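Given next are the chains, with one letter for each unit.
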Amino acid sequence: MIIKGRAISPGYAEGEAITYGEAFSFLGGVDGKTGKFNVRDGTIDGKVFLFPNGKGSTVGSYVVYDLKVQGHCPAALVNKSAETIVTTGAVISSVPMVDNVDVSLVRDGDLVAVDGSKGYIELKNVKQVDIVSSLLLCDGKFLMLHRPEKSHTYPGKWSLVSGHVEAGESPEEAARREIMEETQISVGYPAATAPVFMVRYADTIYVVHSYMYRVSTTDVKLNNENTDCMWISPEEFDADESVDGVDRVLEFLKSEF
Amino acid sequence: MYLTKDEQAILDGEKGAGAQKAMELVTALGKIYGADSLVDITSAHLSGASYKTIGEGGLKYLSDMVAGGAQVSVPSTLNPVGMDRERWKEMHISPEFAEKQIQIIDLYGKMGIKKTCSCTPYIGENVPKLGDHIAWAESSALSFANSYLGARTNREGGPGALAAAILGKTANYGLHLDENRKPTVVIDVEDMGDSVFDYSLLGQAVGMKMGKGVPYFRGIKPTVEDAKTLCAAMAAAGSVALWHAEGATPEASNFDISGLEHITIGKKEREEAYAKLNTVDDIQLIALGCPHLTPKEMHDIANLLKGKEKKRRDVEIWFCTSESVRSQCPEDVAIMEKFGPVLADTCMVVAPIEGTFQRTATNSAKAGNYLPTLCSQKVKFAELSDLMKVVE
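Protein sequences, first through last, are from chains A and B. If you're matching positions, the first sequence starts at 686 in this note's numbering and goes up one per residue. If you're matching positions, the second sequence starts at -4 in this note's numbering and goes up one per residue.
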């Protein structure tokens, strides 16, 4: 799967991903002679290193150069948001770098290609699946469906009205079809559309297209894809019992309630 | 970002690998800060000069730049290095450190950078004019150039400033643009004394209070020495890179300050700033000259010391200035040398003093901030006349 970002330091490289979830300082964060991390296990050597942003001493730029000289440099760097220290280190050390990437989608061990000239990364072991996720709203309550315990993804969790976008179908068409299949409720045009976002599950990144429909009935006829349903208010929502991303849809659409 | 044909040609490598690398860095930094184009600069001032701070990685980077034929294209000066070039033994520096440090100075020299190494290049060596676009590293010097001289620079890092010096251009964003030079807060200064130490405390208090932003001072008329001290303190306690002072700095009258938030800094705030930095009483080293002593400060110190003798033989005193100032003040230097070495082109923060000392005294808020973190020192923070009580 390709994730678009912004070109920061030119060049192309591939490597195994190693991630760090917080702002990172090269000075102190990694041993400049060996490439071993001080703040987590593992090494930066030859890896594609992904972290939200740099921080700390400007000496960090020279630490990247030192790693290059010692032969323990990362293959490439990927940030959510580039700043001066890491950018400088990457450019002077000729390490490809891309930013504007949601690095939380990447897992340790993913095979990542980084194109620092064109500004994208490719997750070679990860496939992209476009899905729709629709929020049906009636009298301030919205519909959640319960997934079977034997479901391949998120077994036993609650979700919005969701499903894959089929070939040749627009996301909005898919949303309408899924709502009909899973609830037997007929909808027209969406009342609101949330920005597209991505969630990671195993080796798949779901690209989520979400819509809100106002409906006048709470009469739901389930098909075999779900085992139960409920209409709840946003206050009753429990993220732990739900599939990933429902909280984000609610956040996007909360002004519509 | 818009690049001219010539700039694009440099980025494409048509003017050699060294210039290409420099252009890659300047454009990458411009991109992350939203620059629309590059702007011509009239001078550069580089940090990353002490072997203590840049280490082997920095040394190798500089030698690779030199091997690639890098040359600066605008007048460029360098920050203080880790030792006085001749008198490093008096600073308890190892021969291994000295050798690496000399290599670094020579490498900068080979790229055409002036080999005087000071954090006050604006005292004679490199003096930008009102409205000049420049690429300066060294937080105190760039704040002085922005604020007291009205030149325009962002907070450049060492390699970024070097890349800009090679190209004679930097990315046009931040403080290069009129709209970002506007004051963001008014600082009403009350009960201000007239010693430089008061400016250290004022800068520390403002830096702690606002972090970043563009303060507009009312109630101060800083001299060069005051401004130097204020810049250093605000850049160390916060990250202030530009300030204005009503009736005292060149751009202050350009702005309408109505509607801005006001902060009052009086005695109480300055006392809080003092308490934060002063952590020890008994000391081993008194280090003066952060930022580097000006000719006036050299003269004032010499007058204070004239006819006296050093009481405490166990306390060392260092006077830090630039080579050019030291050579301008031979009579003052002769008096000061009876008390301790007048060291050129280095200072207590970038020298590896942690091998020799654990407790150091300073009258500089900047040194007060960095001595604990960069040099593992406990700090006595006090007025010059207080510190000089070790002499009688």
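Treat the hints as calculated values from the structure; they're not laboratory data. Every value quoted in this text rests on a predicted model; they were computed, and no experiment measured them. It is possible that part of the hints are untrue.
What the hints assert, rightly or not - Selected chain A positions facing chain B (Cβ under 8 Å, derived; list incomplete):
{"id": "1", "residue": "Phe722"}
{"id": "2", "residue": "Val744"}
{"id": "3", "residue": "Val748"}
{"id": "4", "residue": "Val754"}
{"id": "5", "residue": "Ala767"}
{"id": "6", "residue": "Thr769"}
Stated by the list, open to error - Pairs of lysine-lysine, DSS-like flavour, derived with a Cα cap of 27 Å:
{"id": "7", "chain 1": "A", "residue 1": "Lys803", "chain 2": "B", "residue 2": "Lys0"}
{"id": "8", "chain 1": "B", "residue 1": "Lys373", "chain 2": "B", "residue 2": "Lys384"}
{"id": "9", "chain 1": "B", "residue 1": "Lys10", "chain 2": "A", "residue 2": "Lys753"}
{"id": "10", "chain 1": "B", "residue 1": "Lys55", "chain 2": "A", "residue 2": "Lys721"}
Even for Gly, the Cβ is constructed at its ideal location relative to N, Cα and C.
Query raised in the report: Taking each numbered hint in turn, which are not upheld by the structure, reported in ascending numerical order?
Result: 1
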